[in-house]
Structures are given as structure tokens and as C-alpha cells.
Amino acid sequence: MANSNKLQVGIDLGTSRSAISSSAGQRYVVESYVGWPLDMVARKVLKRDVLIGTEALQNRPMLDLHRPLERGLIKEGSEKAEMAVRELLRHLVQLAIDGMEGDGEIDFAQVRAVVGVPAEALRSSKKNLRKAMDGLVGSLMIVSEPFAVAYGLEALLHAMIIDIGAGTADFCVMNGRYPTEDDQRTLTAAGDSIDALLYSAVRERFPEAAFSTHMVRGWKEDHSFVGSAQTPVKVTVPVRGKPTEIDITRELKVACESIVPPLTETMIDLISRVDPEYQERVRNNIVLTGGTGLIRGLGPALEEALEEIGGGRVRVIQDPVFVGSDGGLSIAMDAPDSDWEKLGVPASQSLQGSSSQGGGSNENAKRPASSPLSAASGGVGSRSSAAAGAPATSGPIGADES
Amino acid sequence: MTTLRQVKKQLVHAAVVDNVDLIEDRRAARARARTRRRFGRSAWMLGVLALTLGGVLAAWSLSPPLRAWASERGLPQVVAGLTGAASPGSGAPGEPTATAATAATTQAEPTGPETIVVLNPEGTSALRFDEPPIGVDQRTFSLGLRTVVLDPGHGGVNSGTEKDGLREKDITLDIAQRLESLLLLDGFDVLMTRREDVDVDLYERVAFANRGGGDLFLSIHVNWLGRAGGGVETFYLGTSDDPRIVELTAAENRDSGYTLKDFRNLLDGLYVDLRRDESRNLAQAVQRAMHSSLRELSPKLRDRGVKTAPFVVLIGTEMPAVLAEVSSLSDEEEARLLADSTYRQRIAEALHDGVLRYAASLNPSPPASSGGP
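Protein sequence lines, in the order shown, are assigned to chains A and B. In terms of the numbering used here, the first sequence opens at residue 3 and continues consecutively. In terms of the numbering used here, the second sequence opens at residue 103 and continues consecutively.
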């Protein structure tokens with residue numbers, strides 16, 4: 003179905019990290035941070051109008067830094083967030099365009115994008131996203147993120163996708179039909195809620211310790227677990243300026259396990275709504291994905307909860323960075339030209355003056371051509387080969403957090 | 103036999119249709135708003151029958167002499183008695199109760215296409231399965247929305263529930279005005295049962311909505327749940343055995359001017375009304391939008407669900423009608439949030455989204471092809 007004059011892309015717009023997979027065989031992931039220099043001095047030092055991803059994080063003292071996505075969607079009521087998410091999307095699409103080799107010139111109007119959003123995203127939120135994409139792509143299709151994952155994994159029948167990122171945990175039951183509202187759920191019990199709880203618990207127990215939310219997120223990404231700890235979790239933080247080792251095993255356990263009850267409750271509730279004839283099949287075909295889904299012991303904890311209703315199997319996707327974007331790309335590739343023509347996006351906003359275009363952010367994980375689609379249709383376990391400075395993908399939460 | 107490729111094709115097509123609906127909501131709202139409600143032929147005949155019956159009963163029971171007669175007899179106690187007596191054998195509290203007529207209507211709802219499947223050894227992929235039969239389109243009755251009637255609860259001397267200077271009548275008016283702005287931007291005509299801090303009796307609200315030719319009636323209220331905690335809930339017309347809802351109904355129906363006999367006649371007429379099913383769909387859309395949106399600001403917000411109750415404004419109105427309890431002043435957290443304009447704006451946006459979802463459900467999409475390209 004792919005048109006050679008078009009570039010199809012799948013985008014997983016994540017609260018923490020965003021990924022794009024393109025029909026030209028490239029895949030990129032960037033931290034979902036956007037920053038503008040605070041003043042002329044910062045502008046002079048940074049030599050950029052806007053910085054994105056790891057570069058933005060590394061230079062945050064000089065930046066008006068924004069994490070524009072909240073629970074997988076553009077923060078409402080914030081013009082700066084809207085500008086930031088637009089810069090982020092522009093950056094991702096530009097990376098995909100720049101990654102084309104020998105296929106002739108492609109501009110934004112020739113890009114066809116499928117973007118995943120939380121399962122229960124409001125229509126108004128989807129409209130905001132369409133607005134943010136004006137001029138950045140020629141055509142746009144918005145789908146629920148777990149549907150994109152299911153499509154990519156071909157788990158289309160009697161399967162449940164649980165996609166846990168930073169902002170949301172999305173559930174989707176696939177019955178061989180396009181999922182309706184009744185087939186999907188979105189919870190805010192996800193990576194960010196764990197971070198908040200862990201931060202509070204450590205702050206309460208070690209009031210004199212100095213640490214930031216970024217540090218807390220790192221601890222979680224390196225050591226998260228539910229159930230029994232394999233080894234005590236000890237981290238080093240300054241206490242009155244002196245590096246001090248503290249044991250946060252208990253706090254981390256409590257924070258990570260805080261999401262288990264809402265997850266199991268929602269999982270069982272959705273299963274109970276499936277046609278009784280197929281409930282057992284769904285119970286044995288649950289796919290756990292997303293960065294937060296990699297918490298050690300979470301899959302077995304969900305399986306333990308399934309014992310109450312006859313048992314089941316939870317398959318954990320070990321490399322979820324591109325699962326959503328690859329699924330979106332599969333949808334984009336499968337949609338015929340006649341359908342894409344119905345999904346045009348106005349080119350109402352100027353693309354001039356984009357300082358991020360060709361900005362050469364060297365943070366991006368890049369994958370050789372010809373891999374995305376094969377990964378999309380059976381790429382479970384594939385891993386991105388991160389270039390220097392790329393976001394860590396080896397930690398338990400260090401992957402995609404959509 | 104359907105192959106995996108065909109399943110994917112159908113899924114992609116459905117995703118495209120979903121997106122086209124989203125686009126057309128934005129681009130064609132005004133055009134859609136110009137479209138008057140259109141009933142299918144058979145539905146039209148049933149609707150005329152039901153509405154005629156309901157209208158005759160309503161006209162008879164709303165006559166001023168009867169209202170005057172009723173006002174002498176202490177209506178609240180009468181209404182409370184009715185809600186308990188009118189639903190013998192009804193289901194659990196909060197569940198829709200149906201007469202034989204409405205049960206027959208709801209049983210006609212289509213179920214999803216059934217598929218027979220052979221899975222691969224891993225049990226993950228559909229390798230082949232029988233052609234799913236084409237289901238009956240749930241939107242057989244093609245409807246359009248033009249005029250939305252907003253009913254901010256209470257007003258004037260009737261403040262509704264209060265806490266720490268926050269009054270239900272002020273909150274509901276504020277939310278309704280915010281919602282009105284959103285709906286006007288979409289091209290809807292909006293009627294407000296009150297725009298100021300005045301007491302409008304329930305009879306007048308109903309008559310105003312009917313006179314104005316509203317296509318949808320949305321009554322906005324703030325709850326008081328005492329120790330039951332907080333939460334959001336949405337009502338459509340029906341009876342209830344739940345003592346809390348009986349009490350709430352009695353409070354909201356106070357001063358309505360309806361008698362027990364009026365209620366019985368109205369209910370008998372309206373339970374065969376097609377609009378009851380539409381009201382339920384509207385209530386579900388509103389409730390889902392409210393809870394999913396507001397819990398972002400209030401993570402512990404309880405979803406109290408869609409329920410039935412015989413509120414006067416739901417009985418007398420001649421269009422799909424719901425009453426939304428948008429939060430509870432008896433809950434500390436929700437009371438704090440209700441004092442914040444950001445939260446009230448979010449409520450208005452959620453109600454707006456619920457109305458749009460309902461409107462979209464009335465706007466049939468092209469049926470998904472099951473075979474050809």
C-alpha cells in the first residue's frame with residue numbers, strides 16, 4: 003500500500019520518551035523534553051533557538067525547559083506546552099525525513115503519520131494533537147497506543163495489551179475488531195505516579211538528603227521491583243554536602259507495588275466483560291509492554307492475580323522502545339492511498355525558522371534500514387542500537403514510556 | 103474464511119473511519135448542526151405514538167389547576183413514595199429498571215460479530231477464522247443535534263446544597279455558562295433555563311425546554327453524599343429503590359407541582375418512549391467523559407455510574423435528557439476543587455465532550471466493508 007513518493011511513519015508520543023519508525027527503515031527515540039534558551043547569553047552559548055531531548059536535559063540550567071506531554075497528551079491550557087510538543091513532533095518528523103537515503107527529496111506534506119495516544123484520550127485532546135500537527139505531516143491518523151501495539155504484534159484476537167508508560171497505563175482487549183471505548187481503559191497509575199510516591203517516601207525518611215526528581219526516576223529505572231528484592235537497593239545522595247549511601251529498598255518496593263492493585267483490578271474487570279466463551283483465551287494471551295511494564299516481578303504479580311479467576315499468562319515485551327511506533331508504522335503502511343486522502347492535515351502553519359530542523363541532535367538511537375517493518379510484525383525482543391549519548395535502554399524503566 | 107490480512111484491512115479501515123469522524127466533528131459541526139433530527143421510518147411511527155401518548159399525559163398533568171391541587175398536598179413525601187412504589191421487583195440500586203416495553207427495546211440491541219478462531223501454537227495471532235457476520239448497525243435511527251438545552255440546577259432562593267460559602271446554584275450556573283461557550287463554538291444552538299441567579303421552578307424549566315424545541319436536555323447539579331464520599335454520577339429517566347436516590351429525587355423534585363397521579367401517568371407514557379434509550383446513551387457518554395477527565399485532577403474521584411431516577415426535569419422533557427451530578431460538595435477534596443475555576447472549566451469541557459460523543463454516535467459512519475477493497 004505504500005506510495006513511493008510518500009514517507010510513512012509511526013510515532014509513539016510518550017510522556018517521557020517519544021519514538022518514531024519510518025518506512026525508510028529508520029527508527030529514533032528522543033527524550034520528550036524541549037527547552038528554549040533563557041536569555042541572549044544562553045542563546046549565544048547554545049547556538050540554538052530550541053533544544054530537544056537529551057541536549058535539552060543536559061543544558062537545562064540555561065533553558066526554559068518543558069516536558070510538554072502529560073499523561074500522553076498535550077498539557078491543556080499551556081501555550082508553551084503546545085509550542086513544545088510541536089517542536090518535538092517537528093524534530094521527530096525531520097529526523098525521519100533526514101534519514102531517507104537515495105529516495106529523492108521529501109517534504110513534510112509527503113509524510114503520512116500514525117500517532118498513538120492513550121486509550122481513553124478525549125476527543126478534544128485528539129483535536130489538539132491534530133492542530134499541533136498542522137503543517138508537520140501531509141496526513142495524520144490518531145489511534146489508541148495499545149491498539150498500535152496490538153497491531154504491530156499481530157495480537158489482534160482474544161488478546162489484551164497492557165501498555166504502561168510514564169504517564170498512563172493503557173489497556174486494550176482485542177477481539178478481532180477495532181476496539182471501542184468498552185474495550186479500553188486508561189489509568190494514571192504509571193511511571194510518574196511511582197516517581198512521586200518514591201520521592202515523597204524517601205524525602206520523609208531522609209529529610210536531610212538532597213536529591214531531585216530526575217535522580218528518583220533514575221533510581222526507579224535502575225532498581226524497580228515488586229515482590230522480593232534480589233539485593234538491597236542502596237543509592238548515594240549528598241547529606242549536608244557529604245555523599246552518603248542510603249537504603250531505599252522498602253520505599254522503592256512500596257512505590258512500585260502501589261500500581262499493582264489498580265492494574266489487576268482493571269485487568270480482571272476487562273476480562274470479565276469479554277464473552278465468557280473467550281475469557282480463557284484472553285487470560286492466556288496478555289501482553290505487558292511499555293517502560294514501566296519492565297518493573298521486575300510485575301508480570302508474575304499480574305499472573306498471580308489472574309489465579310483468582312482461573313489463571314493466565316502474561317508475556318512481557320523486553321524491548322518496548324519501538325513497539326508502539328512500529329505498530330503505528332505497520333498501520334500506516336497498510337492503509338491504502340484512498341484512506342490517507344481522507345486524513346489530510348492543513349498546511350496552515352509556517353515551517354520556516356525551525357531551529358531544530360537538521361539540528362543534528364546526536365542523541366538519537368538509530369536503526370539500520372529495512373528493519374522497522376520486520377520488527378513491527380514480529381520484533382519482540384529486538385533492541386535499538388543506541389548511538390553515543392542515546393537514552394539508556396538497558397535499565398528496567400529505561401525504555402519507552404508512552 | 104477471513105485471513106489475518108483481511109482482519110488487518112478491516113481494522114485499518116475502522117481506524118480511518120474513526121479519524122474521519124474526528125475530523126468532521128471539527129470541520130462540519132455547523133453543517134451537522136443544521137441537520138434536524140431524522141428518524142427512521144419505523145422508529146418515526148413508534149416515536150409519534152409514544153410522544154403523542156406522553157404529550158397528552160404531560161399536557162393533562164401539567165395543567166395549572168392540578169399543580170395548584172398538588173401544592174396543597176406536600177409533594178416531596180408523595181414523590182418519595184412513588185419512587186419506592188413504582189419499581190417493584192426492580193434490580194439492584196443504580197441499575198436501570200425496565201418495564202416489559204423497555205426490556206423489549208433493549209433486547210433488540212445488537213451484539214458484536216461473532217468469530218470462530220484458530221490460533222497459532224503461541225496463541226497470539228489469528229491465522230484464520232470465519233467471516234464475521236455483519237451486525238445490525240447500532241445507529242439505525244439516524245439523528246442529528248441542533249439545539250442543546252442546559253439546565254443549571256437551583257437558583258434564587260433555592261440555593262441547593264452549600265458548604266463554606268460555596269453554593270450549588272452558583273457552581274451550576276458557572277459550569278453551564280462555560281459549557282454554553284464551548285457548544286456555541288461547535289455550532290450548536292444553546293438554550294439556558296436560567297442565565298441569572300433566579301429561581302425557576304421545575305415545571306417552567308421543562309416547559310421552556312419543550313417550547314424551545316431542544317434536541318438534548320442536560321441538567322447540571324452538585325451532589326451532597328454525606329459519608330458516602332464523593333464522585334460523579336449521571337441519571338436518566340427511570341425508577342429506583344435506592345434510598346439515597348429516593349431522597350435525592352425528593353429533594354430535587356421539591357416544588358415541582360406534580361402529583362403522584364401525574365407521575366404515574368407520565369411514567370406509564372414515557373417508559374415506552376424511544377427517547378429513553380437515547381437518554382441512556384447520552385448518560386453513558388456524559389458519565390464516561392466526566393469521570394475520565396475529572397479524575398486527572400482528582401485521582402480518587404469515584405465513578406458512581408449511570409443510574410435511573412424519576413427527576414421531574416427528566417420526566418417532562420420531550421427530548422433525550424440527563425441529569426449530571428458533577429461532583430459532591432460533601433467531599434472535602436471535591437469541595438476544594440469546585441471552588442477552583444480550573445476544575446469547573448474541566449467539568450464543562452468533560453460535559454462538552456460527552457455531548458460530542460453522543461452526537462457522534464447519532465451520526466452513522468459508512469459501514470465497514472467486509473470483503474472488497
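Bear in mind the hints are in silico, worked out from the structure with no lab data behind them. For every residue, glycine included, the Cβ atom is placed at its ideal position computed from N, Cα and C. Be aware that a few hints might be false.
To be verified - Here are the simulated DSS-like pairs of lysine-lysine, each with C-alpha atoms no more than 25 Å apart in a straight line:
no. : chain 1 : residue 1 : chain 2 : residue 2
1   : A       : 8         : A       : 82
2   : A       : 236       : A       : 255
3   : B       : 110       : A       : 344
4   : A       : 49        : A       : 82
5   : A       : 8         : B       : 110
6   : A       : 236       : A       : 82
7   : B       : 402       : A       : 255
8   : A       : 133       : A       : 82
9   : B       : 402       : B       : 265
What the hints assert, rightly or not - A short list of chain B residues far from chain A (calculated; beta carbon distances all over 12 Å):
no. : residue
10  : 115
11  : 326
12  : 391
13  : 395
Said to hold, decoys possible - Derived CB-CB ranges, DEER-like:
no. : chain 1 : residue 1 : chain 2 : residue 2 : range
14  : A       : 230       : B       : 264       : 25 to 33 Å
15  : B       : 441       : A       : 82        : 25 to 33 Å
16  : B       : 287       : A       : 136       : 51 to 59 Å
17  : B       : 315       : A       : 7         : 35 to 43 Å
18  : B       : 268       : A       : 252       : 49 to 57 Å
19  : A       : 338       : B       : 407       : 49 to 57 Å
20  : B       : 441       : A       : 277       : 55 to 63 Å
21  : A       : 305       : B       : 405       : 35 to 43 Å
22  : B       : 267       : A       : 240       : 30 to 38 Å
23  : B       : 267       : A       : 338       : 54 to 62 Å
24  : A       : 51        : B       : 261       : 30 to 38 Å
25  : A       : 224       : B       : 299       : 56 to 64 Å
26  : A       : 229       : B       : 407       : 27 to 35 Å
Here's how the hints hold up against the structure:
no.: 1; hint: A/8 with A/82; in the structure: violated (31 Å)
no.: 2; hint: A/236 with A/255; in the structure: holds (13 Å)
no.: 3; hint: B/110 with A/344; in the structure: holds (19 Å)
no.: 4; hint: A/49 with A/82; in the structure: holds (21 Å)
no.: 5; hint: A/8 with B/110; in the structure: holds (21 Å)
no.: 6; hint: A/236 with A/82; in the structure: violated (38 Å)
no.: 7; hint: B/402 with A/255; in the structure: holds (22 Å)
no.: 8; hint: A/133 with A/82; in the structure: holds (14 Å)
no.: 9; hint: B/402 with B/265; in the structure: holds (20 Å)
no.: 10; hint: 115; in the structure: violated (7 Å)
no.: 11; hint: 326; in the structure: holds (27 Å)
no.: 12; hint: 391; in the structure: violated (7 Å)
no.: 13; hint: 395; in the structure: violated (6 Å)
no.: 14; hint: A/230 with B/264: 25 to 33 Å; in the structure: violated (52 Å)
no.: 15; hint: B/441 with A/82: 25 to 33 Å; in the structure: holds (26 Å)
no.: 16; hint: B/287 with A/136: 51 to 59 Å; in the structure: violated (18 Å)
no.: 17; hint: B/315 with A/7: 35 to 43 Å; in the structure: violated (51 Å)
no.: 18; hint: B/268 with A/252: 49 to 57 Å; in the structure: violated (41 Å)
no.: 19; hint: A/338 with B/407: 49 to 57 Å; in the structure: violated (41 Å)
no.: 20; hint: B/441 with A/277: 55 to 63 Å; in the structure: violated (45 Å)
no.: 21; hint: A/305 with B/405: 35 to 43 Å; in the structure: violated (27 Å)
no.: 22; hint: B/267 with A/240: 30 to 38 Å; in the structure: violated (46 Å)
no.: 23; hint: B/267 with A/338: 54 to 62 Å; in the structure: holds (60 Å)
no.: 24; hint: A/51 with B/261: 30 to 38 Å; in the structure: violated (54 Å)
no.: 25; hint: A/224 with B/299: 56 to 64 Å; in the structure: holds (58 Å)
no.: 26; hint: A/229 with B/407: 27 to 35 Å; in the structure: holds (34 Å)
Consistency with the previously given hints fails for numbers 1, 6, 10, 12, 13, 14, 16, 17, 18, 19, 20, 21, 22, 24, ordered from lowest to highest.
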